[in-house]
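Chain order of the listed sequences is E and C. Reading the first sequence from the start, the letters are residues 1 to 416 in our numbering. Reading the second sequence from the start, the letters are residues 417 to 612 in our numbering.
To be clear, the hints were calculated from the coordinates, so they are not data collected in a lab. For glycine and all other residues, C-beta sits at the position ideal for the given N, C-alpha and C. It is possible that part of the hints are untrue.
[Stated by the list, open to error] No farther apart than 27 Å at their CA atoms in a straight line, the calculated lysine-lysine pairs in the DSS-like style are these:
#, chain 1, residue 1, chain 2, residue 2
1, E, LYS126, E, LYS136
2, E, LYS207, C, LYS514
3, E, LYS276, C, LYS514
4, C, LYS579, E, LYS358
5, E, LYS136, E, LYS68
6, E, LYS276, E, LYS358
7, E, LYS42, E, LYS87
8, E, LYS223, E, LYS387
9, E, LYS126, E, LYS68
10, E, LYS87, C, LYS579
11, E, LYS87, E, LYS67
12, E, LYS42, C, LYS579
13, E, LYS55, E, LYS138
14, E, LYS223, E, LYS358
15, E, LYS84, C, LYS579
16, E, LYS84, C, LYS576
[To be verified] From the structure, some residues in chain C lie toward chain E, with a derived Cβ separation under 7 Å:
#, residue
17, GLY487
18, MET521
19, ILE523
20, ALA537
21, PHE554
22, TYR555
23, GLY559
24, THR592
25, GLY595
26, HIS596
27, ASP598
Given next are the chains, with one letter for each unit.
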Amino acid sequence: MMPRYIKIFLTLILVASLGLASVPGSLQAKAPAGAKATPVIKVTVEDSPEVTRVKISGSSNLVYNLKKSSDWLIVTFRALAGLKLEKSPFTSQVVKSVDLAKSPEAYLLIIKAVSPDFSFSHSIRKSPFELTIDLKLKNRVAAKETKPVETPAKTPPPASGQVNPPPAVNQSVERAGQGLTSSQSEKKAFKTIVIDPGHGGIETGAKGNYGTLEKDITLEVAKKLKERIEGDLKYRVVITREADVVVGLERRAAVANNNKADLFISIHANGSKRAKARGSETYFLSLNATDEESRRLAYFENNSGELENRLGEQDFDDLKLILWDMAQSAYLKQSSQLADFVQNQLNQLLNTQNRGIKQAPFKVLTGVACPAILVEIAFITNPEEEKKLQSEEFQTQVAEAIYQGLSQYFQLYEKP
Amino acid sequence: MKNNRNKKKKLRALLILFIVLAIIIMIFLFGSRKEKIRHERGADRTDQVTGKKADLPMKQVTLFFLSDTDGLLHPEEREIPESDLSGEARAVVEELIKGPQTGLMRIIPENTRVRQLFVTADGLAYVDLSRQVTEANFYGSSGEMAVVYSIVDSLAYNFKAIKKVSLLIEGNERETLGGHVDLSNPFQPDYSLIAR
Ligand SMILES: [Zn+2]
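Turn these sequences into a full structure, and let the hints steer you where they fit.
What follows is the structure, given as structure tokens:
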């Protein structure tokens, strides 16, 4: 008799502890935020005779979305504060690489196949999260479908696929082009300079004691700089805004990239809580280099040529920005040289205090895929400099200094 | 029959015993887990306390404020109550908001509140500030840099466990404070902005 009771008893205990085993999960959820860990996804890739299986297992349940475009299969994970990728090394006949990229709203796992001719199916299991994707290459029947994808790096993408630039951009392009040559195809023979007047619209930037707004000064100086450059008929100019409107920071970088800019110059007036802060300085990007970013950078470097070829695809508007997220990292050296030339000219022409060239993690510069600087003309929060900034004469001098600086840069570093 | 009833009685008794046991197990699991968390945090804390015993109620920290003289960040010592890592980190940011006691400058806009502060296991501190932190007339590049790095440098300098700092506004990721410094990636400290 007794052994049977013991048996029942033990079974009950076993059931009880199994039931309790699920408790830690909810306890963890209740644990203070300090103990919260970044979700991790583990990715394995395995070929079998029929399909190539990509298994994504998550440390927690994730909201995802799948999208195929050309030879990429993109898994989007939304609403996450962070995400870490752990991948096991693999060799596959179908999958070339697996990488994680970050966009403002989501994390993207980019599965790159050897060819665009693949189909895929997927299945999902939750708690624990496991997304299984099977990729299969289609039989290559028609050889005629294979088109040359390679285009020379400096040739603009075909007009049909080109992302529509803002109207202002178009005008500038044409005007500069007409002054030089009637041939559309020779456009790229001229360097393209993108001028970015800081702030705009409700985003006023810093404010001076006399009520001067940074956004107004930057636009005035940018217009003068545009005129100065165009007057010389040497370069093509694109401006990121021509009026008092809001333009997003990523949009500004995208304008530069979509126009295949050779230089990007962001114009600002500085602000400080210290009323006596004064002087001019020129910035180029600094990186908060983290492991994740270096990985993304490596991805960008390995794929930038290809990215350029894809620029035309409308569909890729979002992804473009994302993968160009850290584009500026590849141009830091040139950017520092450009900063040096421009700062020297500011010192010579402006009679303001020289604050030198500096590095900072400025949002507007991170996505720009060419040498890029941010010029802080003078302090709008310093009453004396605020008055200077308002003066047409001073603004013209600033435009002249920046122009001289960038011309020197082109002469010395960009021989045709 | 009698035997059967007897069996049922015994079963019922066992069931009650089981429920009691289950409760005991649950209390045990829950309790030990809590203790484990407390223990981990305790370890964090003793790590940072240099030359002081963990049971002392106050802890000395170094805060970095902007100097009106040279435009660089300067240190100011301060005592904060001892607590767990996120509690102490929160106190540091709150002291920065209150402003300096010596001749340095208060730069984080008035009425800014720390909504939440937590530190992940791999050393990323999330500092969630109220929207007032974005409301300042002086947010040019220099102004933004001073506010961001007084927070980032103060946290990283005082707490070894904090390697990177991410700033959130009203619980959300935001691009910038006023159009310049990128808030969408975590910051590593930049001690070059501190006076030598
Ligand atoms: Zn600005």
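Identify every previously stated hint that the structure contradicts and give their numbers, smallest first.
The structure breaks none of the hints.
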